[in-house]
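Colleague: Here's the letter readout for the chains.
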Amino acid sequence: MNESNDPISRNFEDLNQDGIDRRGFLKCMAWAGTGLVWTISGGVPVSRALGKRANDHETSRSGDLSFVQISDSHMGFNKAANPDVAATLQAAVDRINALPERPDFLLHTGDISHLSRPEQFDTVDQILKSAGPKDVFFVPGEHDMLEDNGKTYLDRYGKATKGAGWYSFDSRGVHFIGLVNVMNLKAGGLGSLGQEQLEWIEEDVKNLRSSTPIIVFAHIPLWNVYPEWGWGTDDSGQALGYLKRFGSVTVLNGHIHQTMQKVEGSVTFHTAMSTAFPQPQPGKADSPGPMKVPGEQLKTMLGITDVNYVQRRHSLAVVDSTLG
Amino acid sequence: MVARNKWTLGLRTLVMISTLLIPTLNSKAQEQAQKSPAEVKIDNFSFGPKTLTVSVGTEVTWINRDDIPHNIVSTDGVFESKVRDTNETFSYKFVNPGTYPYYCSLHPKMTGKIVVH
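Quick mapping for you: the protein sequence lines, in order, are chains E and U. Throughout the first sequence, residue numbering follows my numbering, covering 1220 to 1543 in sequence. Throughout the second sequence, residue numbering follows my numbering, covering 536 to 652 in sequence.
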């Protein structure tokens, strides 16, 4: 299609006038996780310090979408890296309830439980009940599908989903796609979506206008963060290929227990912190296992991700904030 | 039928003689195989040793020393453990010679193999 006729492209030009350039953006990337507000649109991001209110026209909530991503709560984990993951999940919920604007809903990007046990899912559900937003959309992590092809997870969270738990929904003009990339993994490989799910994605977006903002969420990163540790998805390229024509695509993942961002054309990739325990930076340890940090430091490495979509400007603000 | 029976008998004798000879002939290889512990440690998201050589009839035990659960899944569908949390074990007895590649289906970058002589 002719990009110049796309209303979003014109909007990007407006953003260019008050946004920062790509070089400035790369500089911001180095500060990721320290509390920057991101306003990202088609690779033209605007940033501001966390806590500082943006201009009124940016924060107007009428018709705008706001949601919070939480991830990797690992309920049932009780090792040295965090002996009380229920308390830190509660702290994350308290943080959500303290946001100046109540989010529309929560997205949980998997590893809800540590061992797929019903009582672990129960505890998470119980804690999330105290969250302001009552709607929670889940996708499974590998820890949620440990036995019986994920039956425990699917019985609980998968009622309105397809295949191993994938689905889509629309909210305030934004199309959300929840994907499962933790099933049927092959020896030596990475995360995998599989042919059936790929065909479903192609079909799911077929009739959407290219100006529809897309948010994809899945557990394992859909970009190659660090394949040596399995931090990537083998067939994500094919999935993203179906989304090429869209002006704004945001991909939200978990799994790696730390924030990381990348912008590639009109696609913005973002990973969230865990609410349970941190993991090392790629290649900075012998393995991606739980990282033990001094007690007082733990809450500065756990957190939530607040996402705001401002309709009139077709832009997304992605804010990571830590629990302490 | 008689001729065939004779042939079978001859073959059996040959097999018996070979069986008697094999321990002497292969004693060095067997010693090496038995020296290796029939245990695979899971540590730092890897199987150690990555390749373990054992003799037929050996029971191999995997033990998970990580803070994260893993499983042990034969690539060819020969064996599959339940998910093993910290310090939990899985054992499998290898009754046929061959090479048995396996991996952790939760973290498929973790691979190993058991070679059975």
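Just so you know, the hints here were simulated from the structure itself, not pulled from any lab data. Be a bit skeptical, because a hint or two may be false.
[Stated by the list, open to error] Lysine to aspartate or glutamate pairs mimicking DMTMM-like chemistry, simulated, CA-CA at most 25 Å apart: (1) Lys1298(E) <-> Glu623(U); (2) Lys1463(E) <-> Glu1415(E); (3) Lys1348(E) <-> Asp1313(E); (4) Lys576(U) <-> Asp1374(E); (5) Lys648(U) <-> Asp1341(E); (6) Lys644(U) <-> Glu1447(E); (7) Lys1405(E) <-> Glu623(U); (8) Lys1381(E) <-> Asp1453(E); (9) Lys617(U) <-> Glu1366(E); (10) Lys1503(E) <-> Asp602(U); (11) Lys1370(E) <-> Asp578(U); (12) Lys1511(E) <-> Asp620(U); (13) Lys1511(E) <-> Glu623(U); (14) Lys628(U) <-> Glu1366(E); (15) Lys1298(E) <-> Asp611(U); (16) Lys1298(E) <-> Asp602(U); (17) Lys1503(E) <-> Asp578(U); (18) Lys617(U) <-> Asp1341(E); (19) Lys1518(E) <-> Asp602(U); (20) Lys576(U) <-> Glu1366(E); (21) Lys644(U) <-> Asp1454(E); (22) Lys1511(E) <-> Glu615(U); (23) Lys576(U) <-> Asp1454(E); (24) Lys585(U) <-> Asp611(U); (25) Lys644(U) <-> Asp1313(E); (26) Lys585(U) <-> Asp1453(E); (27) Lys1511(E) <-> Asp602(U); (28) Lys1298(E) <-> Asp578(U); (29) Lys648(U) <-> Glu1366(E); (30) Lys644(U) <-> Asp1341(E); (31) Lys644(U) <-> Glu1338(E); (32) Lys585(U) <-> Asp1505(E); (33) Lys617(U) <-> Asp1313(E); (34) Lys617(U) <-> Asp1374(E); (35) Lys644(U) <-> Asp1505(E); (36) Lys1405(E) <-> Asp602(U); (37) Lys648(U) <-> Glu1418(E); (38) Lys576(U) <-> Asp611(U); (39) Lys1405(E) <-> Glu615(U).
Colleague: Compare the structure with each hint and give your call.
Modeller: Tested hints:
1. Between the alpha carbons of Lys1298(E) and Glu623(U) the distance comes to roughly 15 Å, so the proposed pair stays at or under 25 Å and holds.
2. Only pairs whose Cα atoms come within 25 Å are accepted, and Lys1463(E) paired with Glu1415(E) is accepted, the gap being roughly 20 Å.
3. For the suggested pair Lys1348(E) and Asp1313(E), the alpha carbons sit about 11 Å apart, so the restraint of at most 25 Å is met.
4. For the suggested pair Lys576(U) and Asp1374(E), the alpha carbons sit about 34 Å apart, so the restraint of at most 25 Å is broken.
5. For the given pair, Lys648(U) sits about 38 Å from Asp1341(E) by alpha-carbon distance, which is inconsistent with the 25 Å threshold.
6. The suggested pairing of Lys644(U) with Glu1447(E) holds, with an alpha-carbon distance near 7 Å, which does not exceed 25 Å.
7. With a C-alpha separation of about 23 Å, the suggested pair Lys1405(E) and Glu623(U) falls inside the 25 Å cut-off, and the hint holds.
8. Distance check on the hinted pair: Lys1381(E) and Asp1453(E) sit about 21 Å apart at the alpha-carbon level, within 25 Å; holds.
9. Distance check on the hinted pair: Lys617(U) and Glu1366(E) sit about 8 Å apart at the alpha-carbon level, within 25 Å; holds.
10. Between Lys1503(E) and Asp602(U) the alpha-carbon distance is near 18 Å, which keeps this suggested pair within the 25 Å criterion.
11. Between the alpha carbons of Lys1370(E) and Asp578(U) the distance comes to roughly 29 Å, so the proposed pair goes past 25 Å and is violated.
12. With a C-alpha separation of about 18 Å, the suggested pairing of Lys1511(E) with Asp620(U) holds against the 25 Å cut-off.
13. Under the criterion of a C-alpha separation no larger than 25 Å, the hint pairing Lys1511(E) with Glu623(U) is consistent with the structure, at around 21 Å.
14. Taking the CA atoms of Lys628(U) and Glu1366(E), the gap is about 23 Å. The hint holds against a cut of 25 Å.
15. Among the hinted pairs, Lys1298(E) with Asp611(U) is inconsistent with the structure: their alpha-carbon atoms are about 33 Å apart, more than 25 Å.
16. For the hint linking Lys1298(E) to Asp602(U), the alpha-carbon distance of about 7 Å falls within 25 Å, and the restraint holds.
17. With a C-alpha separation of about 17 Å, the suggested pair Lys1503(E) and Asp578(U) falls inside the 25 Å cut-off, and the hint holds.
18. For the suggested pair Lys617(U) and Asp1341(E), the alpha carbons sit about 22 Å apart, so the restraint of at most 25 Å is met.
19. A hinted pair counts as satisfied when its Cα atoms are at most 25 Å apart, and Lys1518(E) with Asp602(U) qualifies at roughly 20 Å.
20. A distance of roughly 22 Å separates the Cα atoms of Lys576(U) and Glu1366(E); the hinted pair therefore holds under the 25 Å criterion.
21. A hinted pair counts as satisfied when its Cα atoms are at most 25 Å apart, and Lys644(U) with Asp1454(E) qualifies at roughly 16 Å.
22. About 31 Å separates the Cα atoms of Lys1511(E) and Glu615(U), which puts this hinted pair outside 25 Å; it is violated.
23. With a C-alpha separation of about 31 Å, the suggested pair Lys576(U) and Asp1454(E) falls outside the 25 Å cut-off, and the hint is violated.
24. Taking the CA atoms of Lys585(U) and Asp611(U), the gap is near 17 Å; set against the 25 Å cutoff, the hint holds.
25. Among the hinted pairs, Lys644(U) with Asp1313(E) is inconsistent with the structure: their alpha-carbon atoms are about 37 Å apart, more than 25 Å.
26. Under the criterion of a C-alpha separation no larger than 25 Å, the hint pairing Lys585(U) with Asp1453(E) is consistent with the structure, at around 24 Å.
27. Only pairs whose Cα atoms come within 25 Å are accepted, and Lys1511(E) paired with Asp602(U) is accepted, the gap being roughly 11 Å.
28. Restraint check for Lys1298(E) and Asp578(U): the C-alpha separation of about 15 Å stays at or below 25 Å, so the hint holds.
29. Restraint check for Lys648(U) and Glu1366(E): satisfied, since their Cα atoms lie roughly 23 Å apart, inside the 25 Å limit.
30. Restraint check for Lys644(U) and Asp1341(E): the C-alpha separation of about 31 Å exceeds 25 Å, so the hint is violated.
31. A threshold of 25 Å between alpha carbons decides the hint, and for Lys644(U) with Glu1338(E) the separation of about 30 Å lies outside it, so the pair is violated.
32. For a cut-off of 25 Å, the pair hint linking Lys585(U) to Asp1505(E) stands: about 16 Å separates their Cα positions.
33. Between the alpha carbons of Lys617(U) and Asp1313(E) the distance comes to roughly 36 Å, so the proposed pair goes past 25 Å and is violated.
34. With a C-alpha separation of about 20 Å, the suggested pair Lys617(U) and Asp1374(E) falls inside the 25 Å cut-off, and the hint holds.
35. A C-alpha spacing of about 14 Å is found between Lys644(U) and Asp1505(E), which places the hinted pair at or below 25 Å, so the restraint holds.
36. The straight-line distance between the Cα atoms of Lys1405(E) and Asp602(U) is roughly 23 Å, inside the 25 Å bound, and the hint therefore holds.
37. Our distance criterion of 25 Å between C-alpha atoms is broken by Lys648(U) and Glu1418(E), whose separation comes to about 35 Å.
38. For the hint pairing Lys576(U) with Asp611(U), the CA-to-CA distance comes to about 21 Å; that is within 25 Å, so the pair holds.
39. For the given pair, Lys1405(E) sits about 14 Å from Glu615(U) by alpha-carbon distance, which is consistent with the 25 Å threshold.
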